[in-house]
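Peer 1: Residues per chain, in single letters:
There are 6 protein chains.
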Amino acid sequence: MFPNKRMQGMIGKKIHIEMKGERTVLEGVLKSVDDYLNLHLSAANELYNSEKKRLLGSVVVRGNNIVLIHPLNE
Amino acid sequence: MFPNKRMQGMIGKKIHIEMKGERTVLEGVLKSVDDYLNLHLSAANELYNSEKKRLLGSVVVRGNNIVLIHPLNE
Amino acid sequence: MFPNKRMQGMIGKKIHIEMKGERTVLEGVLKSVDDYLNLHLSAANELYNSEKKRLLGSVVVRGNNIVLIHPLNE
Amino acid sequence: MFPNKRMQGMIGKKIHIEMKGERTVLEGVLKSVDDYLNLHLSAANELYNSEKKRLLGSVVVRGNNIVLIHPLNE
Amino acid sequence: MFPNKRMQGMIGKKIHIEMKGERTVLEGVLKSVDDYLNLHLSAANELYNSEKKRLLGSVVVRGNNIVLIHPLNE
Amino acid sequence: MFPNKRMQGMIGKKIHIEMKGERTVLEGVLKSVDDYLNLHLSAANELYNSEKKRLLGSVVVRGNNIVLIHPLNE
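Protein chains in written order, with numbering that gives the first Met the number 0: chain P, 0 to 73; chain D, 0 to 73; chain C, 0 to 73; chain R, 0 to 73; chain V, 0 to 73; chain X, 0 to 73.
This is chain P alone, in the form it adopts within the complex:
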């Protein structure tokens, strides 16, 4: 399964995203993803040391600044 097909399979599920830069870990429900791995998340939270730090709600994430993504509770 191609990486973007793999991402399509996570739509509607809760995912964990690690970003480049100091502000870094996000979790939320994947609403959509495009070919650049740009993401639209709902109910997104920023995490710090594995704890929820800040509610972001509906967020668009720029794909090129993502390091890795994995599904939660799979």
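Because the hints were derived from the structure by calculation, they are not lab data.
No copy is singled out in the list; a pair is fine if it fits within one copy or between any two copies.
When the alpha-carbon atoms are kept at most 20 Å apart in a straight line, the in silico SDA-like pairs for lysine to any residue are as follows:
1. LYS4 - ALA42
2. LYS30 - GLY8
3. LYS4 - SER57
4. LYS4 - GLY56
5. LYS4 - ASP34
6. LYS4 - LYS30
7. LYS30 - SER41
8. LYS52 - VAL28
9. LYS12 - MET0
10. LYS52 - SER41
11. LYS13 - LEU71
12. LYS13 - LEU46
13. LYS4 - PRO70
Fair warning: this is a prediction, and the values are worked out from it, not measured in the lab.
Once you have looked at the hints, place chains D, C, R, V and X on chain P.
Peer 2: Relative to chain P, chains D, C, R, V and X alone:
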């Protein structure tokens, strides 16, 4: 809704943008967005610790240096 | 107005550019801009703490390392 | 053999990946790879000082944040 | 003159290049440039505090890691 | 000679590569290169302070994280 469609829906609204690098948080009214998530904002401010630090006015933001975007007051 | 259209409208004007990395703030007259936001500036200066630090003259700036751009004296 | 052909030859094998940024070394079984070197890994672990630090499981890795990749046990 | 046209006009001339990252300032004769601002330089030197630090000779420089370029002795 | 043509001329030769990020200097024999400057190296070593630090063997290097490349022993 695709990430860029989601962005189209924020045109005319006030948005919050987190950038890569040390200077980082911007808020302003989204005037336009292209496929690379390059943004044109009006009435943009730079924030520091959630406070307005500097009025930038009309700003063009390079999409690849954006980490995340969410609407304000939604 | 699309972000690149907005940039076209700044040609011939003095602009302020913030770059990624430690060397960061440039000001100069925008001579041309392409679809990647690569810029050709004339009479460019590097600024440090809002003061002119170094005259660069005619400069080509790589678009993907730009964080934001705004016109001066508008 | 082209770099992406070389990657195709690693499908099904255990690979070692070094990423940009502070969180950095991953190992896992390569499930798929696309033209941007985006990867889908299974049984992925994050390593720290050559020791397994965290089980990530099924992971999508963004190609542009990869520094280098080599096969394990070849 | 478009940014890449501006670069074409520097072929055969000595240029100054500032790169992203800690190793940063290069000078050399521009042999060729492509649409991504990838450069081929001859007689390239790395500079540190405006002094020549290391002779690199013939070098290929990756365009996306360039911050800015300007001609020397113009 | 275009930058990618210049790279083609290094195939089969030993090259020196400087990367973005903290882990940084590689040397190895260039097996192949594509339009993005993604490289396939054999007999690659990581260097630290100009000394061989770690044998990597067969490695794929992501082009966008390369700062510069030059041939060895030319």
